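Trainee: Listed here are the chains, written in short residue letters.
2 protein chains.
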Amino acid sequence: MSKNAVILFSGGLDSTTCLALAKKEGFDCLALSFSYSQRHSSELIAAKKIADKLGVKHQVFHIPINQFAGSALTDDQISVPETHGASDGIPSTYVPARNTIFLSVALGWAEVTDAQDIFVGISSVDYSGYPDCRPEYLNAFQNLANLATKAGVEGRSLQIQAPLIHLSKADTIRLGIDLGVDYSQTVSCYQANENGEACGKCDSCGLRKKGFEEAGVDDPTRYFS
Amino acid sequence: MSKNAVILFSGGLDSTTCLALAKKEGFDCLALSFSYSQRHSSELIAAKKIADKLGVKHQVFHIPINQFAGSALTDDQISVPETHGASDGIPSTYVPARNTIFLSVALGWAEVTDAQDIFVGISSVDYSGYPDCRPEYLNAFQNLANLATKAGVEGRSLQIQAPLIHLSKADTIRLGIDLGVDYSQTVSCYQANENGEACGKCDSCGLRKKGFEEAGVDDPTRYFS
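Keeping their order, the protein sequence lines are chains A and B.
With the working numbering applied, the first sequence corresponds to residues 37 to 261, in that order.
With the working numbering applied, the second sequence corresponds to residues 37 to 261, in that order.
Derived by calculation from the structure, the hints in this document are not laboratory data.
Hints may be right or wrong, so weigh each one.
Remember, identical chains collapse to one label, so a pair may be satisfied in a single copy or spanning two.
[Claimed, not checked] Heads up, simulated BS3-like pairs for lysine-lysine below, C-alpha to C-alpha not over 30 Å straight-line: (1) K39 with K237; (2) K186 with K245; (3) K246 with K186; (4) K237 with K60; (5) K237 with K186; (6) K85 with K186.
All values reported here derive from a predicted model rather than from experimental measurement.
With the rest of the complex left out, here is chain A:
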């Protein structure tokens, strides 16, 4: 049985925890980051540093999602909202079909590297109201993956592993600290500067701050304001 795994890896708090966990479980990890015309590239720089430090392979896949209009994360005409915590609706930072596109590319990499496991650091607890962060969504993707691929057809079942799915941000932080994750190197902010320093104001920063508070852990995040 293959112990190769592909890990969706942004260099943020959740995916870094996920990568550390997959490594601890003995997987030979390919950390997969996306260059998708984000507002900043500091998360890609952080991702590479973290992957190097963990001694895992790192791959950046270029996909110009700015060909879509309609999201504050890729469209300079829409400003990033300064709200804290999960809201009721779907926020403007939602990128159309992003997780589906990213998981599809991860599936391609899983095929070419003979990996049967794809790890994704999604949580359905402290999340931002994106529909593609829910357990039923991930189950549907796993079902699709097994119908879509040579591996699935030949009976080598693909697993979408979302070990953080039922964890709060505080739980994730506690898990990561047990695994030895250095969160000062991770970048979660939607508008971090080139040094990987965070704004402290966006939705993502708000969830992260609250997580450290609730975990009773000093927040090691480097803020620029």
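For chain A, the structure is supplied; the task is to place chain B on it using the hints.
Mentor: Frame of chain A; chain B shown alone:
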């Protein structure tokens, strides 16, 4: 109800028939082609010409799938096999997770254009043995699409329409001729030259030739050999 539709459109025989059908059914069509480091760009040129002639919007999405290794269609180290007709196994022309990636991008476009219908010219009859050409695969994608998106969450159900799924190549050709499709402009060949002329030898050419024979229609394809 929106009558916008996104059509996966390669400029080949099947997707051109599919586009003509969606247009006849009254959809406001966005024809979506992919530039994915194919061996030739003649199918993109053909796609644009056909879309212009039909008077539908045409969008090319750039996605560098050659970042994957492992398929004869994107990897110059693997030669395209010269076999005719469907074979038992999965051929080397299979691109890892291709339909899943393409449908995911179409889903993103459906979200930003408020389309509830995505058309794909897949057939499970005269196909090349790709696992992602089967009805159960498309059903799984539709299920995923409705869990993944704002539209699905808000109850505006997304449909993956595959009107050719149960048609043989000959049936598709008969349908297209009824719809007025000019097949001399379509490019199906895996290694067409820059003039859109076909090799007549690859798997795709073989299936197409057989289709015209079975339909009892003169093959209008332009061959270079």
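Trainee: Is it within, between, both, or neither for K85 and K186, if the alpha carbons may be no more than 30 Å apart?
Mentor: neither (33 Å within a copy, 34 Å between copies)
Trainee: At most 30 Å between CA atoms: does that hold for K39 and K237 within a copy, between copies, both, or neither?
Mentor: Neither: 40 Å inside a copy, 40 Å across copies.
Trainee: I want to check one pair: K186 and K245. Are their C-alpha atoms no more than 30 Å apart within a copy, between two copies, both, or neither?
Mentor: between (43 Å within a copy, 27 Å between copies)
Trainee: How would you classify K237 and K186 at a CA-CA limit of 30 Å: within, between, both, or neither?
Mentor: Cα proximity of K237 and K186: across copies only (25 Å, versus 45 Å in one copy).
Trainee: Indicate which option fits the pair K237, K60 if close means a Cα-Cα distance not exceeding 30 Å: within, between, both or neither.
Mentor: neither (33 Å within a copy, 50 Å between copies)
Trainee: With 30 Å as the alpha-carbon cut-off, assign the pair K246 and K186 to within, between, both or neither.
Mentor: Only across copies: K246 and K186 sit 26 Å apart there, 43 Å inside one copy, limit 30 Å.
Hint check: violations occur at hints 1, 4, 6; the rest are consistent with the structure.
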